[in-house]
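Asks: Listed below are the residues making up each chain.
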Amino acid sequence: MRKLEIKNLFVEVDNKVVIKGLDLVINRGEIHVMMGPNGSGKSTLANALMGHPKYKITKGNIIIDGIDMTKKKSDSRAKAGLFLSMQNPPEVTGVSLNNFVRTSVESIKDEKINPVKFYRTLSDKLETMGINKDFLKRHVNVGFSGGEKKQMEIVQLLILNPNYVILDEIDSGLDVDALKKVSEGINNFFNKDKAILMITHYSRILDYIKPNFVHIMKNGKITKSGNEKMVKIIEKQGYSNK
Amino acid sequence: MSKQIKINRKLFDKANKDSSKYIAKPGLTRELVIEISKQKKEPKWMLDKRLEAYQLYIKAPMPNWGPDLSKLNLDEIVYFVRPDTEEKTTWEEVPEEIKKTFDRLGIPEAEKKSLAGVGAQYDSDIVYHNLQTNLKKQGVIFENMDVAVQKYPELVKKHFMTNCVPITDHKFASLHAAVWSGGTFIYIPKGIKVELPLQAYFRMNAEAGGQFEHTMIIVDEGADVAYIEGCSAPRYSKNSLHAGCVEIFVGKNAKMKYFSIENWSKNTYNLNTKRALVEKNATMEWVSGNLGSGVTMLYPCSILRGEGAKSDNLGIAYSGEGQDQDIGAKTIHVAPNTSSITKSRSISAYGGRSTFRGLVKISKNAKNSKAIVICDGLLMDEKSSCNTIPSMDIYNNEVEAAHEARVGKIGDEEIFYLMSKGISEERAIQLIVAGFIEPIVKVLPFEYALELNRLIEMEMEGSII
Ligand SMILES: Nc1ncnc2c1ncn2[C@@H]1O[C@H](COP(=O)(O)OP(=O)(O)OP(=O)(O)O)[C@@H](O)[C@H]1O
Ligand SMILES: [Mg+2]
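Protein sequences, first through last, are from chains A and B.
Position one of the first sequence corresponds to residue 1 (UniProt numbering), numbered consecutively onward.
Position one of the second sequence corresponds to residue 1 (UniProt numbering), numbered consecutively onward.
Hints in this document: simulated from the structure, not taken from any laboratory.
It is possible that part of the hints are untrue.
Here are the computed lysine to aspartate or glutamate pairs in the EDC-like style, where the Cα-Cα straight-line distance is at most 16 Å [stated by the list, open to error]:
no.	chain 1	residue 1	chain 2	residue 2
1	A	Lys218	A	Asp23
2	A	Lys72	B	Glu195
3	A	Lys73	B	Glu426
4	A	Lys79	B	Asp312
Given only the sequences and the hints, what does the whole structure look like? Please build it.
Replies: Written out as structure tokens, the structure reads:
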């Protein structure tokens, strides 16, 4: 029961079928890496799992801890323990980061939180990421650099403490130090009760994070699954003959 | 994703049991104008002014631009109502029914203490009035307009609808002059700085009742004051008309901040005139929140007639189902080195319409003047609309003038992002809307910012279809 199940999933975007019958089971305590060529449908899968209204599930099921979430809205999925760090987190003008994260925690835990205490917790978390706490007053992602956006997603991950985590290219655009901090954050978060699906193009994050499985996505389907060794082969040979 | 917002106005649209002691028959006649003046025991000059204005009103055409006024039946409006209450000085003495009305408006208990003076208008009369004694000692006057006519005849006669808003201005200004009743008169003597904002609430509460309150604020040289006005009204089946008039005189080196929330019920036509004459090196700031009303026409205006005069005009408008918010700001630069900033943010939801008219006129004499107009609109759905109509008439070359207008639709991507972190759709929309108006809300006094946020949240409350 303690798993994320994706069963025979079909997803359409703009009337175009992008995910074409995808099956995957991610158990708690597992880290899965997903790789694949540009445009193969990795982000589409991530968005569809999280319930983005543009990504229409036309067939198949998404099951979290035994409960079918296929028709549920994004906020219900988040409450069921799902978390997505988007490839390009959008900017939300006018909403401060502090207010956003607090509202998010309050919504998920369904309780009011002391704003002063929360502000402190959040500042501490930022500090561990090496981010200035002035960011809390800034609007969500507005004017953040690519790397800062990604680091902020990890801060949210640590605060929200979800069970099923999708990280869509969390390592893209990070400098070496930031990559290290982000990886440390993920490793601190991960344990036998957590499950991670990590979408990436590069092996460098795997110097820090050890996956149990590696999957190759091509043209909307998982074409190959294996272990970490597959990553090195892909880095040398590309996807063309895989 | 459809994001249509149910409007919840129940709180504001309940009427109190009518307890008015004098209600005129609907429609306006010369006799009624005379009766109003007689009941108020006005001096002859005021009666003459009313009658002259009445003639102008009859002859003036309806405005042929802007929103549709064809359903406004001026013969159905009751032009004069007096509530069954004498002027009060303490809150405890205010009748229970009226208190209930104010409670529903959310006037907090603490506010009465924290604010320097509270005047509240119930229909055509002030029912509650209080002013800190030290302000009285300093010579500050905060008075019912009717009383001011009797007590300060020179000041009132000199300023009342003469060179600020003349009775000839437009049809509803003429109407206002003919039937005006109640309102607030404020005089701040030379050099006096009033620290807390003065505040008044207006409310209309008789069937098809019109409200024609007159506000006159005279800020003498070097004085400094802020004034807060908030409105809401119960809902009735017949059309209601609000045609108030605000005249502000900001003397040399003086500073005036005027905050207002207009939140009349949706069957109200809010056709209001607000204008300030700003003298040398003086500053006028308008901050307006427009919610409610079926139709609004309101364009607070600053006339910068002294060298170095400044005007800030900030506005927020919310237009929901069946509403037409035609608002804007006017700034007339007639002296050198004058400057103005106009900023507006309007939200249209559920098929609402909002139009922003930003008018800037810079005359030949107003050399070295600056004017900036920035308007932003936020559309909540496909059925709603947002227009901006800028107009810059510039008659000399030595000026800096800029205009920006943006209209955006509430973003699906942003809403998804917030929802993906567990926030409900409704709350996500609220956050984004609150964020959109934040640049204007943040300049408001604290209690007032809370109230405006609360009002807008209430507007957006309810289910998402
Ligand atoms: N919102 C959208 N609107 C239109 N088309 C989309 C949208 N999102 C994805 N697509 C299309 O679906 C296909 C898969 O895109 P997706 O973003 O899932 O690829 P990806 O595997 O994540 O690629 P990358 O490695 O470049 O991030 C592409 O052809 C893309 O153009
Ligand atoms: Mg992608």
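Asks: Next step is simple, just say for each hint if it's right about the structure.
Replies: Now for the hints, and whether the structure bears them out:
Pair hint Lys218(A) plus Asp23(A) holds up; C-alpha atoms about 13 Å apart against a cutoff of 16 Å. Taken as a hint, the Lys72(A) and Glu195(B) pair is broken in the structure, with Cα atoms around 53 Å apart against an allowance of 16 Å. Of the supplied pair hints, the one linking Lys73(A) and Glu426(B) holds, its CA atoms being roughly 12 Å apart against a limit of 16 Å. Annotation: proposed proximity of Lys79(A) to Asp312(B) is violated, straight-line Cα distance about 45 Å (limit 16 Å).
When the structure is compared with the earlier hints, violations turn up for hints 2 and 4 and for no others.
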